[in-house]
Amino acid sequence: MKFFIGVLFLVINISFIFPVNAQEKINFTGKVLDANTRQPLVGASINFPDMRRGTTSTAEGTFRVPGMPAGKILVEISFTGYTSIVETIDLVQSSEIEFILKPTFFETEAVTVTGVSSATSVKRTSVPVTIVKKEDLLRGSATNLVDALSKNPGVTQISTGPAISKPVIRGLGYNRVVIVNDGVRQEGQQWGDEHGIEIDELNVSRAEVLKGPASLMYGSDALAGVVNFISIIPAPNETIRGNFLTNYQSNNQQRGLHGDIGGNHNGFIWGAYGSYKAAGDFKNKYDGYVYNSRFNEKDYGAYAGINKNWGYSHLNFSQFNQQVGLVEGTRDNATGKFLRQVNQNGQVAEVVVPNDQSTNSTPGIPNQRIRHFKIASDNSFNIGPGRLTLVLAYQRNNRQEFGNILDPNEAGLDFNLQTLNYNAQYHLRQIKDFKTTIGLNGMYQTNGNRGIEVLIPEYSLFDIGGFVYTQRRYDKFTVSGGIRLDNRHLNSQGLVEGSEVKFQSLNKNFSNISGSVGISYEASNNVTLKLNIARGFRAPSIPELASNGAHEGTNRYEYGSDNLQSERSIQVDGGIALNSEHVSLSGNLFVNKINHFIFYRKLNAASGGDSILTHDGTDFYAFKFSQSNALLYGGEANLDIHPHPLHWLHIENSFSYVRGKLSQAQDGSNNLPFIPAAKMINEVKGDFLQKGQTLKNVYVKVELENTFNQNKAFTGYNTETATKGYSLLNAGFGGDIARKKKTLFSLYFSANNITDVAYQNHLNRLKYTDVNVVTNRQGVFNMGRNFSLKLNVPLSFNTKG
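So that you can map any letter, position 686 of the sequence shown is 1450 in my numbering, and since no number is skipped, the others follow by simple counting.
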């Protein structure tokens, strides 16, 4: 691994040593105006996604971006309350362009960089992509980043308390969803139930969710889709920008602090950030305070780079550090209250949890500590008539699990995962509206075990994949597609403990051809139709192939199966988007057929009932990974009514549904495990004073979140149980305080689960903990009533002399 780290540093900022194809410098200038009044729009955003550059308009509505390269480039012009402009411009000489924005009360245009080789309009992608902006994250009240995304149709979460959530897209999660952060595929132990994403949520500026197979761009594991978090957005030229954010949530006393600062001087960019989060135990009206659901988190990072007419070269690093308690949910038989382990004179004893433990953010036993370090070099060079992008990254993920009350510092599990990611793409010159890219990407990964217990063997893997992707734009049609060839080589080490073989050595290769083809048709200015067919794949992970051990975090003893085959899917996806002055409607339907779908199931004892193993004095249910063909189908719909003349009023309704079935019943059940229940969200929102002087961008909203019964659980081997539906009443309001058209600070207040409903989400893993014998209710319920208050203070300084 040291060799690969050396290679990473060798290529970092190579442009400083060797000038790369310096092109003619073009000064791109323009003006942004209101379509109705022809008045300048102050502070409009001018963004060049492929160049990692941008600026804002002045008090006169003008802007200037010096040192741009010649050629065709995508630009996005946006301003709050106006329809964005996304178009490709051909820079052949220094010139000024006038952009006219029309007022709107519903955003219909945006740029995406997820699942495509270069930035493109969401309208012109053939697969559904959801954009979640910083403002959307600030206005919501979520316990974590994935929880915030789960408000969107087609996206849900597998949760183990407020600190641990995994994204689920159209019923598929775990290693079937690829997480990307600032252009780098995030690699941790994402295969585990209690393993969340190692990303600082307070530093995220934007999220993009691609729903559907994305193996063409990302290789194995993007079977369900991709969640792309964008944190680094460089400041405009001759500007220093910063942000201070604080947050408090009442239910678990969660508090958060975040600060960031960044600048840009003549193309030299820099920035740094730091965040802190801490929370005590959450509560609900059935369980009271849920012992050991507390956590704390400290994150920081920085970046530096240069933007010139030859391209750009950026270097960034980040450090994620989280300590989180693991909820066991064991209860006292007499009172039904939670129990915790204590050390009594060198012996393990269980005592009832006192209520005064609830506000402490230091986790008890068991708990886990996760540290994720990442350094990445992101480069783009204009070479010949095209552009070469090169991303290299090194990640080190260390996850420790502590479960010994007699020795709290003893790590039962200690994974040391190191990954080198590489991604090289050559973007050919756009000719006759053809945008074509040839790419090669993959990763080299090793994992070591340093704990006293071993759940998975030590291993190494090497991924390599090559692809060709092209997009052709006609007058009303945009056709896109490509083909990819992948190979994964996996080598794991055997292990003998005493006289028992713990792990057999493995040496496996998984290869696959994947591809996609799709079309987007703009039938009119208001109607867009989409159709996409994609073939994806996922190689089995090392836990699925070779697990053999007790896992405190999941309360399971897990067995792998070394004969598993790669999952392969064919998905057909169709959609429609209709936008008018008063109504906006979008809908998507999909069918996803997966061969060799991998799932785990409980094992039966020889005498009947569940197979239970005792390990170090603790009983664990035994689970084993298995395969069967599967079929998923469903869809999402969104309806936004903003009637004339009440354009400030939005009546928004969204619905999502997915059904998952196994081709062959397992122990009498043919339902796919971990399929979320159908969900409908009804929201009434008012937006006011968008051009206010002292108070502006005010919003008020009331929301009813309806989750239906999930009676199609995978009941085979007693793996899952059905879950009742529920409805949550939420509300919020906020706005900006401004002076001389400059925002001084923003306040956001929200209330979730106002009526304090006691409920269990079907994908809440804590619903399977102990039965409360006093109330006869099984498991832990989700969070009760929760109030949230956020204060955001933007900072901006013009450094131009």
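In case anyone wonders, no lab produced these hints; they're calculated from the structure. Treat the hints with care, as some may be off.
[Unchecked claim] List time: in silico DSBU-like cross-link candidates among lysine-lysine, alpha-carbon distance up to 30 angstroms:
| no. | residue 1 | residue 2 |
| --- | --- | --- |
| 1 | K1465 | K1425 |
| 2 | K1465 | K1047 |
| 3 | K1564 | K1460 |
| 4 | K1449 | K866 |
### Message
Of the numbered hints stated earlier in the document, which are not met by this structure?
### Response
Number 1 - this is the single hint that the structure violates.
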